[in-house]
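Following the hints, put chain B in place on chain A, whose structure we already have.
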Amino acid sequence: MTVRTSLLGTALAAATLSMGALPALADGHSTAACLITKTDTNPFFVKMKEGATAKAGELGITLKSYAGKVDGDHESQVAAIETCIADGAKGILLTASDTKAIVPAVEQAREAGILVIALDTPLEPIDSADATFATDNFKAGELIGAWAAAKLGDEAANAKIGMLDLAVSQPSVGVLRDQGFLQGFGIDLGDPNKWGDETDDRIVGNDVTAGNEEGGRKAMENLLAIDPFINVVYTINEPAAAGAYEALKAVGRESDVLIVSVDGGCPGVANVKDGVIGATSQQYPLLMASLGIEAIAAWAADGTKPAPTPGLDFFDTGVNLVTDQAVDGVESIDVAEGMDRCWG
Amino acid sequence: MSDPNADQSFEAGLSGSATDVAQFEEKKGPIERFQHLLHVAPWMIPLIVLVASVIIFGIALGSKFFAPFTLTLILQQVAIVGVVGAAQSLVILTAGIDLSVGAIMVLSSVVMGQFTFRYGIPAPISILCGFGVGALCGFISGFLVARVKLPPFIVTLGMWQIILASNFLYSANETIRSQDIEANAPLLQFFGNSIRIPLPGGTAVLTYGVIVMVLLVIVLNYVLTSTAWGRHLYAVGDDPDAAELSGVKVKKMLISVYVLSGLICALAGWVLIGRIGSVSPTSGQFANIESITAVVIGGISLFGGRGSIMGMLFGALIVGVFSLGLRMVGTDPQWTYLLIGVLIIAAVAVDQWIRKVST
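For the protein sequence lines, the chains are A and B, in the order given.
Position one of the first sequence corresponds to residue 254 (the numbering used here), numbered consecutively onward.
Position one of the second sequence corresponds to residue 10 (the numbering used here), numbered consecutively onward.
So here's chain A without its partners, still in its complex pose:
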């Protein structure tokens, strides 16, 4: 009998779902949650999924994961949110590809009573999500900027800086890291909401890398063609830094250029160890995801929403500067500790 009713219930629920009715009926025994990432190929998101899956298993939450095909694949993410609404999920963890365009879909989910938490990438406006668990990307940039300036000492006044950014569409994560770096280095920002409008002569130029080796190499070559004497290179992430290093090696300048980066992935930290990258700001995707799942569990249990870090409009999951060449005035952890905590 019980088997038959539950079967009937499932069939009914499936039928109501297919008619587009509210999914509350489908909610049976366990809490369901969704993880929607930009891609399922970037090790950062692979680690995020790992953290979410482990925590979900621990708390008895059913987790479904979705991802765009490539970074910037907005449509797949909207479809994923719609699927989660139809699926009767209690919460969605989202790293948005298009932080503005995703907002209507997110509102739709929240109206359906779903807790939406932005991971890693804040939505625009940031309060479109119930909460944001992220790295303070501006601070991540500031740390490497301050480190680079301290490392150069007096020479910082004559630095020639190449900026290897993410994409021409200027997603917020790229802008925050770029502007943080410049501020940390001691360069006056123009509009802090966009990169490339600074007037300081020390900046040779900005180019975009798509955050991978191939793009990093090409962008570095382009900047070297503009000025072959670049001696400080900011990179959006460590794969771009590895590509930039290859370009510098090709012209025999790898040993006299300071490369800084953000991420803290294991190959990136290994590159800090080998001196390819001078310093990198490490972030913690696994923590973001497991905290996110805990928040969904709390929301499902008694409707409490996570609170942001005091003084910020998001929950800061922390960032550390990883380098073996510590400088005065900038807190850092060494490569060994960075290796222990690296991802990917």
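Hints were generated in silico from the structure; no laboratory data involved.
Just to be clear, a hint being listed does not mean it is correct.
[Unchecked claim] List of simulated lysine-lysine pairs, DSS-like, C-alpha gap at most 30 Å:
1) B:K73 - A:K413
2) A:K322 - B:K158
3) B:K73 - A:K502
4) A:K302 - A:K502
5) A:K447 - B:K73
[To be verified] Here are some chain A residues the structure puts well away from chain B; computed CB gaps all over 10 Å:
6) T294
7) Y319
8) D340
9) A354
10) V421
11) P445
12) N524
[Said to hold, decoys possible] Per label pair, the in silico range of CB-to-CB distance:
13) A:K353 - B:M53: 34 to 40 Å
14) A:N446 - B:K158: 51 to 57 Å
15) A:A589 - B:G167: 45 to 51 Å
16) A:E590 - B:P160: 52 to 58 Å
17) B:N193 - A:E311: 37 to 43 Å
Cβ coordinates follow ideal geometry from the N, Cα and C atoms, glycine included.
Just chain B, lined up with the frame of chain A:
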């Protein structure tokens, strides 16, 4: 016999009229002549555009652009697209299209890297395995196109997804670091080595990747114009039925083209490792579109059977010159894409115009 014309005095009126055999009137003005020239040598336009764009950027940017370093840098930046474009050219000449070229390239490079580092197989054998994977991917596409008669667009659209997914599943998107490759399997980075030629105004840097791209295009150009296989390829692309009736084994021909294309993509994968130093499964996302762009701007007809692989190389170089030139001028990168879009449409419009010419 009496004079047969005796009673046909009415023909007397013909005397003095034209006695030539009927023929078409030839009106070859300069435009027709140019059209005919392009029909015979479709690589002319891209060459003209290439030379013109180099001159224009040279004037605008001066010695910075005309430096040996900058000009050879453009070659380095188009090496991958040039090699993949060679594979794409072969397929497009058969009136097909290959959307999976970039995916084959990346999968081959991942196989070369992972076989060496995950299983400890000696690098030369891993590289051969990479070529094997490239050939296999090409064979599957070729078989589906030639034997199962599926349209190339659909087959390679599917293969693109399948190969890319296999690439990510197999590699777990793990990057193999440049420093590890350098220490343990430097052969993988072979095409990253370079010849440096000191010249007045700077050093010209020719990587082995650039050299292999140029050699590949020269060899393929010879094969396509001067061997039976090459002429058959054009025949199949122009009119497969006529080619079949003339004794060309069209199906075998098509399969061999896709296999060769897969092998060239694997070569591109090896060149890719040389260029970026590491083995990165996220590379080459847009190699298919970039190679089709090079082929189209290079004047190879998407309808098959006409065009020169030299044109593809010029097409790739045009894109390279515009990308770097506009970056050095300091424009927003979007202008590069806009201009390349204009070039693509212009190139196809010219192709349609040439098609109207009589041979």
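Exercise. Checked against the structure, which of the hints given earlier come out wrong?
Worked result: Numbers 4, 6, 10, 12 and 13 - these are the hints that the structure violates, sorted from lowest upward.
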